[in-house]
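Fit chain B to the supplied structure of chain A, relying on the hints for placement.
Top to bottom, those sequences are chains A and B.
The first sequence begins at 1 in this note's numbering and counts up by one.
The second sequence begins at 1 in this note's numbering and counts up by one.
If you are wondering where the hints come from, they were derived from the structure by calculation, not from laboratory data.
Wrong hints could be hidden among the right ones.
Dumping the calculated DMTMM-like pairs for lysine to aspartate or glutamate here, alpha-carbon to alpha-carbon at most 20 Å [stated by the list, open to error]:
# : chain 1 : residue 1 : chain 2 : residue 2
1 : B       : K200      : A       : D49
2 : B       : K200      : A       : D45
3 : B       : K194      : A       : D45
4 : B       : K200      : A       : E46
5 : B       : K125      : B       : D35
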Amino acid sequence: MSAEGCGAPAGGVPLPQDTGGQAIVEGQVTRSGVAVPVGYARLLDEGGDFVAEVPLGQDGGFRFFAAPGTWTVRVLAQDGLRAEQTVTAAYDHVTAVQVSM
Amino acid sequence: MSRPDVLVDADWVEEHLADPGVVLVEVDEDTSAYDTGHISGAVKIDWKKDLQDPVRRDFVDKAGFDALLSERGISNDDTVILYGGNNNWFAAYAYWYFRLYGHQNVKLLDGGRKKWELDSRELVKDIPDRAATSYVATDQDSAIRAFRDEVVAAIGQRNLVDVRSPDEFAGRLLAPAHLPQESAQRGGHVPTAKNVPWSKAANEDGTFKSDDQLRALYGDEAGLDFSKDTIAYCRIGERSAHTWFVLHELLDQPNVKNYDGSWTEYGSLVGVPIEIGDAG
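Chain A with its partners taken away, still in its complex shape (with noise of 0.2 Å):
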């Protein structure tokens, strides 16, 4: 994936050798313990806004390549099933989040 293509893969592009100081957000998504593999990880902003979106991957995985901030992560999975937290982002720095469903 690069800058000829917008969308993202499931479980996010993956993470390169040089993160070139970006503040990254990845995480994995279980219900049970057991990895989630359909779903959506959408990423909001301060303001509760959209920022970006990844389908999970198939260990329940998702990435996001995010400005130094606030964010909410939130999960959308079949059956209705959501859930949310809040993490912190900042350059150079990979923030690793947990979401249980």
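Only chain B this time, still in chain A's reference frame:
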């Protein structure tokens, strides 16, 4: 156009899957999504490989589009139902593209692949075997596609709608937040553009908001002058195709163009005006 002319819901698709004359087409950037499962009978179009010229930055020409649709078994009089991931971004892009080449009967599946998946509807791996056709496209409809000089000339004259996220609009990000930040040479937006992120037109499940909600969004909230012509842009033209669909097809605004060069072109042009900072 009224909403039923351009949108179908998942129940409609399930009822018409086997209808002759109805062709489902999944359009994704990440085509592995189709390969892991798609709606029964759907054929695949790859946003990049199938719709972009392999050498220069432009669409496949008319002959290329003819060949593509003929090979996929799509006829001129078929009803094409487009759907895809990313909240139908690339399906909306393909919709606009089909319209550009004159296909008359084309609709979007409201909510796209996302709502279909979240509703736990069936996905299959069987690849349909459709007989080839002899598709004949029209010349491109220049009334719905904008180029860079037209965008520069539109500054302060027409509605310019930047549908990217507020951080991209302000110049803090060069790409959506799910992508590494590589893109145009400069961040920011076209002067006088309004920032109406595409996502404000969609519900959380990917379906479009109601016509009343959409009119309020672009009119009262964003301050678009509906008496003026409009150009929508984003980064590569697919999110703005989603907004073009809303303005032109759902809200029936007559003169709306999609600028598919978008920020990856505009933000790398030498000498054009750029504004940075948040929307006023």
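How the hints compare with the structure:
With a C-alpha separation of about 8 Å, the suggested pairing of K200/B with D49/A holds against the 20 Å cut-off. For a cut-off of 20 Å, the pair hint linking K200/B to D45/A stands: about 13 Å separates their Cα positions. Straight-line distance between C-alpha atoms of K194/B and D45/A comes to about 19 Å, which keeps the hinted pair within the 20 Å bound. Taking the CA atoms of K200/B and E46/A, the gap is about 15 Å. The hint holds against a cut of 20 Å.
Taken as a hint, the K125/B and D35/B pair is honoured in the structure, with Cα atoms around 7 Å apart against an allowance of 20 Å.
The structure fails none of the hints (numbered hints given earlier).
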